[in-house]
Amino acid sequence: EGDQVECATCGYEGLAMLASRYYGLVITDLVMPDISGLEILSRVRENDPTIDVIMVTGNANMESAIFALKHGARDYLVKPVNPDEFKHSVAQCLQQRRLLDENQELKNMLGLFQSSQAIASCLDLARVHHLLVDAVAREIGVGRAVGLFQFDGKLEPREVKGMPSALGFALAGEIISALPEAAPEPHQISHIKLTPSSASEGIREAYLVHIHIHSGYHGLIAIFNDSGQELPGISQRQKNIAFLVEQSAHAFENVETFSQAQDLLFIDDVSGLFNHRDLEVALEREMKRVERYASHLAVLFIDVDAFKQVNDTHGHLAGSQVLAEFGALLKLSVRDVDIVIRYGGDEYTVILVETTCPIAGMVAERIRSQVEEHLFMEAEGLDIRLTCSIGYSCCPDDTSTKEELLEMADKAMYAGKVSGKNCVRKISTSTV
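Following this note's numbering, the numbering of the sequence shown begins with 316 at its first residue and continues without gaps.
Hints are supplied without guarantee of correctness; some may be wrong.
[To be verified] Each computed BS3-like pair below joins lysine-lysine, with the alpha-carbon atoms no more than 27 Å apart:
(1) K646 with K736
(2) K508 with K476
(3) K554 with K476
(4) K469 with K603
(5) K732 with K623
(6) K726 with K736
(7) K646 with K732
(8) K623 with K726
(9) K603 with K726
(10) K646 with K603
(11) K646 with K726
(12) K623 with K646
(13) K736 with K623
(14) K646 with K717
(15) K717 with K736
(16) K469 with K508
(17) K717 with K732
(18) K469 with K646
(19) K717 with K603
(20) K385 with K402
(21) K554 with K508
(22) K476 with K603
[To be verified] Between beta-carbon pairs, the in silico distance windows are:
(23) Q503 with K394: 52 to 58 Å
(24) R607 with S512: 21 to 27 Å
(25) C322 with P511: 39 to 45 Å
(26) E378 with E516: 42 to 48 Å
(27) D541 with S574: 31 to 37 Å
(28) C325 with N626: 54 to 60 Å
Everything labelled a hint here was simulated from the structure, so no lab data went into it.
C-beta: ideal position from N, C-alpha, C; glycine also.
Whole structure, please, built from the sequences with the hints as guidance.
In structure tokens form, the structure reads like this:
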């Protein structure tokens, strides 16, 4: 019908094509060997919400059709596809595309609404960061940006767009050092000049879009000039940017509420520590940070030696109090950023973030020594003495997979118990 058509041999090739050039319409199968058509739909809606998607499938059911349409598919066709139905659906999509192109303001407002909808409905913090940085950069019309958000009371770069991570982190450091002590006003957008260098890829200036939530200042998005160009004017875009930031504030508050509700599922009743449900989630999150920031972490598996004797001698109520006190002692033995988990029974796990293997060994030995010297339930007049066996493993030194990391720490702990208890052990990959 006169329209140019380009085909991809698989889902990932299609995503690569979408990343490299503009398309007015995407037609995708629901089921492919490498990636789901719903994932294609999700990526398209995030990257350019105005692009229509037609979903095609041979395994039609009402649930998949409703899911696809609710998540932004323009149409849903069942194989074998009726040619007339297919032409009609494509024609409708392309007609809408032409109308949108003729009315740029409508196109911008539709894209803005759909971007804000995607941000406001997201409950994953890292995803909110990504969507917001991408949406603000797209609204201003540039391809390079860094999102800096509050983490443990300080600003950290959490999202880098359109440049190497190392450059993004360096620019973030320069921006943080240039910020005034007083928090900027809500909806404030400031402009700063940056120090050009051979490594900065032509970046000379930035807009700083500041973000506030109910609890105060939350961070900023730094928008940089594209190579060889100046930053575009934003006087006509400020209302749209403020709208996106307001939607993100709602999203951040929703994430916080959702996180608090999730915490209730992940808290151990006896010790007040995180429980085994949080181990997988926390370790997955921290290992992604290791990969992204070329950092280190270590996992400690800790078993209280001969704890059964406490229950047998003093009763289970006293045993529960000892377990809570043991957890509190562990918390005092590590940093606030480290994660202490009661794995179950008399076993605990500690995730030491940004910690090298030698330091992890020192921390493990310090914990072992402090437990050995501590008098448990001294205030109740019982003066219970305990020891513990600790096994540890390190990422990426020992392994870069979550399963192996846990297995190595667990086996090291049991090797220590077999060899006499009250010790710290580490085993190599070949031993696992």
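Going down the list of hints, with the structure as the test:
no., hint, result
1, K646 with K736, "holds (22 Å)"
2, K508 with K476, "holds (19 Å)"
3, K554 with K476, "holds (23 Å)"
4, K469 with K603, "holds (20 Å)"
5, K732 with K623, "holds (15 Å)"
6, K726 with K736, "holds (13 Å)"
7, K646 with K732, "holds (23 Å)"
8, K623 with K726, "holds (21 Å)"
9, K603 with K726, "holds (24 Å)"
10, K646 with K603, "holds (23 Å)"
11, K646 with K726, "holds (23 Å)"
12, K623 with K646, "holds (23 Å)"
13, K736 with K623, "holds (15 Å)"
14, K646 with K717, "holds (23 Å)"
15, K717 with K736, "holds (26 Å)"
16, K469 with K508, "holds (23 Å)"
17, K717 with K732, "holds (23 Å)"
18, K469 with K646, "holds (22 Å)"
19, K717 with K603, "holds (10 Å)"
20, K385 with K402, "holds (22 Å)"
21, K554 with K508, "holds (23 Å)"
22, K476 with K603, "holds (17 Å)"
23, Q503 with K394: 52 to 58 Å, "holds (53 Å)"
24, R607 with S512: 21 to 27 Å, "holds (24 Å)"
25, C322 with P511: 39 to 45 Å, "holds (43 Å)"
26, E378 with E516: 42 to 48 Å, "holds (47 Å)"
27, D541 with S574: 31 to 37 Å, "holds (36 Å)"
28, C325 with N626: 54 to 60 Å, "holds (58 Å)"
When each numbered hint is compared with the structure, no violation occurs for any of them.
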